[in-house]
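Going line by line, the protein sequences match chains A and B.
For the first sequence, numbering that gives the first Met the number 0 gives the first residue as 0, with consecutive numbering after it.
For the second sequence, numbering that gives the first Met the number 0 gives the first residue as 0, with consecutive numbering after it.
Hints may be right or wrong, so weigh each one.
[Stated by the list, open to error] Label-pair ranges, simulated between beta-carbon atoms:
1. I21(A) - D206(B): 24 to 32 Å
2. V41(B) - E35(A): 34 to 42 Å
3. L45(A) - V41(B): 28 to 36 Å
4. A211(B) - L45(A): 47 to 55 Å
[Unchecked claim] Keeping only pairs whose Cα atoms sit at most 27 Å apart, straight-line, the calculated DSS-like set for lysine-lysine is:
5. K218(A) - K250(A)
6. K331(B) - K48(A)
7. K218(A) - K331(B)
8. K218(A) - K324(B)
9. K53(B) - K39(A)
10. K531(A) - K265(A)
11. K547(A) - K253(A)
12. K331(B) - K223(A)
13. K230(B) - K47(A)
14. K48(A) - K306(B)
15. K218(A) - K306(B)
16. K102(A) - K289(A)
17. K48(A) - K253(A)
18. K306(B) - K47(A)
19. K218(A) - K53(B)
20. K39(A) - K306(B)
21. K558(A) - K547(A)
22. K324(B) - K47(A)
23. K48(A) - K276(B)
24. K39(A) - K324(B)
25. K223(A) - K324(B)
26. K9(B) - K547(A)
[Said to hold, decoys possible] Computed list of chain B residues with no C-beta within reach of chain A, every gap over 10 Å:
27. I11
28. A197
29. L224
30. W226
Bear in mind the hints are in silico, worked out from the structure with no lab data behind them.
Every residue gets a Cβ at the ideal spot worked out from N, C-alpha and C, and that includes glycine.
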Amino acid sequence: MPVFNQSRSYIIRLLFVFVFIIILAQLFRLQVLSNEYEIKAEQNALLKKTVYPARGIVYDRKNRPLVKNTLMYDLMVTPSEARGVDTGYLCQLLGIDTAEFNKRIVDAIVKNGGNRNQATPFEELLTPEKYARLDENMWRFGNGFFLQERPVRTYPFDAGASFLGYIGEVDSAIIARSNGFYEPGDYVGRTGLENTYERVLMGERGLQVLVKDNRGRVKGSYAKGQMDEPAVAGRGLRTFVDAELQQLAEKLLKNKIGAIVAIDPKTGGILAMASGPVYTPNDLTGANFKKTYSKFVLDVSRPLLNRAIKGQYPPGSTYKPIGALIALDEGVITPQTGIGCAGAYYGCNKTVKCTEHWQGHSKDLKTSIAWSCNSFFSMAYRATVDNPRIGNVKDGYAKWKEYVNAFGYGHQLGIDLPSEDKGNVSDTAFYNKRYNNYWNSCTNVSLGIGQGELTVTPLQIANVMATIANDGYYYIPHFVKSIDDDKADDTLLNKFRVKHKVPVHISDTIYNIVKEGMHEVTTIGTAATIPKIPGIDICAKTGTAENKIVLDGRVIQLKDHSVFGCFAPMQDPKIAVAVIVENGGFGATWAGPMAYLMVEKYLTDSLRADRKVEADRISNANLMPAHLPRVQFKEDSVRARFYFNLTKDSAYIKKYLHKSGILPTDTLPSKQKIVLKNMDMIDPKKQIVLNKKNTFTK
Amino acid sequence: MTKKESGFSKGIDWSLVWLYLLLVAIGITAIYAVTSEDESLVAGFFSFRTDYSKQFYFFILAGFLGIFILVTDSKFFPATANLWYAVGIFFLLLVFPFHSRIKGTESIIKLGGFNFQPADFCKVCVCLALSKYLSLPDLDFSKTRSHLIAAAIALIPAVLSIMQSETGLALVYFSFFVVMYREGLPATILIVGFFIAALVVATLLVDKNILAIILLGITALVIYLMWRQIKRDRALLIGIIFISVLCIGIQRFVVPFAFQHVFKPYQVERIFSTIGKDVPDDYMKPEDRIKLALEGKKKKDADYNVKQSKIAIGSGSILGKGLLKGTQTRNKFVPEQRTDFIFCTIGESFGFVGTSLLLAIYLILLFRIVTVAERQRSVFSRCYGYGVASVFFFHIVINICMTVGLAPVIGIPLPFISYGGTSLLTFTIMLFVLIRLDADRQMVLR
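With the rest of the complex left out, here is chain A (with noise of 0.2 Å):
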């Protein structure tokens, strides 16, 4: 046998080592190189599973629940996983064809900006039925579809609504402001407390990592759950609120537009606070939610607007205890002070008209107060204005301003809610613009009487009522008493805890002089015709706003709007109470009798047998005021103009050619009528602009 092969033995050890040294290289380079294939193994076998915190509760002053929590379910999609489904069968489940399956998962995709990889619900808060047909069912998809589940708000009392505000899905705008901290899915407060509070009541997300197998069928918690972190929940929040209370304030408002604000006024905690038209929490809720929200937004009776704190009403004849109290604060009056009145204050050259006639009614501060005098009151803001002692009505105008500023109107108060809105107190430059620098106290005389450019919101109302109560300081109106578990560093309770004085430096005999006004009111005065409750001295003012509107061309006067502030005990104030029923006539016709059910309730917890009656009474009283329908029909039938436009679509405007025979030519809210006129779809000659406009005496 040939030796000399014995060679090759080396050469083929070198063969081995070489192929060898090849596979390692190629180990090297996807074990230790690569960090590629960890991050595949990781997409591949783990599923990482947002787990929700539950939301905090809103507990009201009893702590009671006002809304509380309970479990649904989404059911969620990963477009990029939820391929080679057996998707007939999903959508057989879920009730829906695959034309509409195509679009969600379309929607899916283009709700996280073209990321297909990130799971998106697919049919949120699942009907108990779909939930439990879907549950049997989970492994059929695979990957991309899995339940999730989602605490849903409920509401124990179904009140509330006004303030509490709702729940809804994130947005892709609210995601990109909020630096990454929301993620598709999240749900965060829109509205209410639950925005004010959201960082508070959210809580912190957990995560929870799964292992799934080729399948995707979850196999287990990962590194026996090491790497999961659990959710925290969110905080309770402790509320003034009397959850009670606050139902009687939302039946009492059932079938008007009004709101009704009641407030502690030693802490500034709101007792109640509704807006009429009334809804109930429920109605914005879960599966409920996209139904009653387009509708709502649609009503022209504006449900979606909190009016207690976004009502802007000039507060009329509630003002005077303000101008009485600046007036004395001024020196330019005394309680003494009296005028002679016959039904008008002729003091400038037009005549302020006042409703009492009878001599006496003026005689003093008191007496005027009760009867609620123009004439008194006019005289008592043109004293002011013109003191003396500052010589120059602008100088004494600014100075008025100051003091009603001072009192909480024409700025927002700072309430613990969103958006409120801070009325109108003009200011000079205002006065002066309009006038050419050429006016004086009688030009603006009607803010005496709380009237003109003056208007405040329902909350405004109240919180002057409080800080009359307490001889002139207030709380900032808010809601939250307590945060749960409260932590050294939260600061969103301080500017509660702050006393604001109102500067008015006068002997609390003179004070207790005007309050004794506001009681006189209750018995001799203008809401002397209200049952007064036994027992409790109430300091009320009652107010009337005249308001008209041009509807078809015409201008209609309508029914006035009926306000009422008051406190009381007289002697120990508890409760301050602001009601308005918009078009509820003389102020002690509605929102005396509806402020006074509040007072007896809050202070004696229950309502006497008649009062109940009364309370079932005024409840089912329907104020709606008479023009809706009709607005109503107007601005619907734009839209279904503008629909038909856009689409060319004939059933968008079947209904109201039915009707009149012609398409509506009217106009539609501002930001729709631009589109309109660009289209050239209207004539602009036609156009008849709806314009709501309010005059006010008394």
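With chain A fixed as given, assemble chain B onto it according to the hints.
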């Protein structure tokens, strides 16, 4: 080893035995890591219901077989080598009428509960027969005729295997050229063979027209460099041109033809997926393309195994995730992971440290076998030793290369580690026959 040893243990190379036991232990551990559920370890091991328990019993069976081989007279093997070869071929032929219908193969005969694969077992027969032929006293292995006979001995089973759709196993038989090389097969033949292989690979990788231009360029360069010699001998020019034309012919016609007619469509797809390309038009018959599409095998599925296997191995990182903690292998992401893709489990569980250690163990085994082969007095034993080494080498390299994406997916097991009774028994027989022959290394066997 001491001279006092007696009986069957005398002269046994214990290092090979220990390496064998170590590898089988690693194998059973790896299979346990893949397939164990929540059952208790002891019950699982003896139940014969789990795969690792089955592998354990296969190992006990293989052990008995090994001991049986060790007590056999070493003269028995050269004496019966040709008989074994005949039996092997007979079984291979028997497959054609009697094969069972098991997924994607026509090479298995069912014997009771066991699947017997002659194409696998035949490796031992070829190894013995080739050694017998190469050790014939009057053989002159410098003659082409003897080269052809040796090649025929090795390749007849390969051809039969291809006919049974076992291309992977067929390729194993090419590893016997290492043995022939050791025994004096001219290196030129291997080099030519290597160049043809390189040409085939180049054909797949490079556009056919560009490759033709490159080949022509090389031809021109060679003619230019060898111009002096060509002036003296015109036949050289003709030779060079002939080779060039042959190369272009192979590149343009032979390779596509072979792909269309020799390989199965799925194999063509696997080969092209390894190099990361779509199958070109002239490499697959249109009707096969349609058939492939109709079978619902998407193109991406062709490299699914490799992709998952690379993910599993790659995610093991340096130290690995630990035994039973591999998310990919535990959750069935890698298909065939107890058998052909068992290497993934080691890669994922023990990381680069584990894989390089395993490679080291294999390299030690191969070197030990070569050393053992080189110390034989008889040519038969030496050839047999090289036969074992080259078959092991081929299995290890191709198997690992396919799991890390360096070779197309060819279903051949990893010696001693992959799950499967036949392969464990075959490899055990191969190794223990060598140990038995080595124990009598002072004897000249014919």
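Evaluated hints:
Between I21(A) and D206(B) the Cβ separation comes to about 26 Å, which falls inside the hinted range of 24 to 32 Å. Checked against the given bound of 34 to 42 Å, the beta carbons of V41(B) and E35(A), roughly 40 Å apart, stay inside it. At about 32 Å, the CB distance of L45(A) to V41(B) agrees with the hint of 28 to 36 Å. At about 50 Å, the beta-carbon gap between A211(B) and L45(A) stays in the expected band of 47 to 55 Å.
Restraint check for K218(A) and K250(A): not satisfied, since their Cα atoms lie roughly 53 Å apart, outside the 27 Å limit. A C-alpha spacing of about 21 Å is found between K331(B) and K48(A), which places the hinted pair at or below 27 Å, so the restraint holds. Of the pairs offered as hints, the one joining K218(A) and K331(B) holds, with about 11 Å between alpha carbons and a cut-off of 27 Å not exceeded. For the suggested pair K218(A) and K324(B), the alpha carbons sit about 13 Å apart, so the restraint of at most 27 Å is met.
With a C-alpha separation of about 33 Å, the suggested pairing of K53(B) with K39(A) is violated against the 27 Å cut-off. Only pairs whose Cα atoms come within 27 Å are accepted, and K531(A) paired with K265(A) is accepted, the gap being roughly 24 Å. For a cut-off of 27 Å, the pair hint linking K547(A) to K253(A) stands: about 23 Å separates their Cα positions. Taking the CA atoms of K331(B) and K223(A), the gap is near 19 Å; set against the 27 Å cutoff, the hint holds.
Taking the CA atoms of K230(B) and K47(A), the gap is about 76 Å. The hint is violated against a cut of 27 Å. Note on K48(A) and K306(B): the hinted pairing holds, with a Cα-Cα distance of about 25 Å set against a maximum of 27 Å. Distance restraint check for K218(A) and K306(B): the Cα-Cα separation of roughly 22 Å lies within the 27 Å cut-off, and the hinted pair is therefore satisfied. Distance check on the hinted pair: K102(A) and K289(A) sit about 18 Å apart at the alpha-carbon level, within 27 Å; holds.
Our distance criterion of 27 Å between C-alpha atoms is broken by K48(A) and K253(A), whose separation comes to about 44 Å. Simply put, K306(B) and K47(A) have alpha-carbon atoms about 22 Å apart, close enough for the 27 Å limit, and the pair holds. Between K218(A) and K53(B) the CA atoms are separated by roughly 25 Å; this keeps the pair inside 27 Å, and the hint holds. Only pairs whose Cα atoms come within 27 Å are accepted, and K39(A) paired with K306(B) is accepted, the gap being roughly 10 Å.
A C-alpha spacing of about 8 Å is found between K558(A) and K547(A), which places the hinted pair at or below 27 Å, so the restraint holds. At most 27 Å may separate the alpha-carbon atoms for a hinted pair to count; K324(B) and K47(A) meet this at roughly 18 Å. Between the alpha carbons of K48(A) and K276(B) the distance comes to roughly 37 Å, so the proposed pair goes past 27 Å and is violated. Proximity of K39(A) to K324(B) is assessed by CA-CA distance (about 16 Å); at most 27 Å being required, the pair is judged to hold.
At roughly 11 Å between alpha-carbon atoms, K223(A) and K324(B) fall within 27 Å of each other, so this suggested pair holds. Between the alpha carbons of K9(B) and K547(A) the distance comes to roughly 121 Å, so the proposed pair goes past 27 Å and is violated. Its beta-carbon lying about 22 Å from the closest one in chain A, I11(B) satisfies the requirement of being farther than 10 Å from that chain. For A197(B), the non-interface assignment is confirmed: its Cβ lies about 15 Å from the closest Cβ of chain A, beyond the 10 Å cut-off.
Residue-level check passed: L224(B) sits 27 Å from the nearest beta carbon of chain A, beyond 10 Å. A cut-off of 10 Å between C-beta atoms confirms that W226(B) is not in contact with chain A; the least separation is 33 Å.
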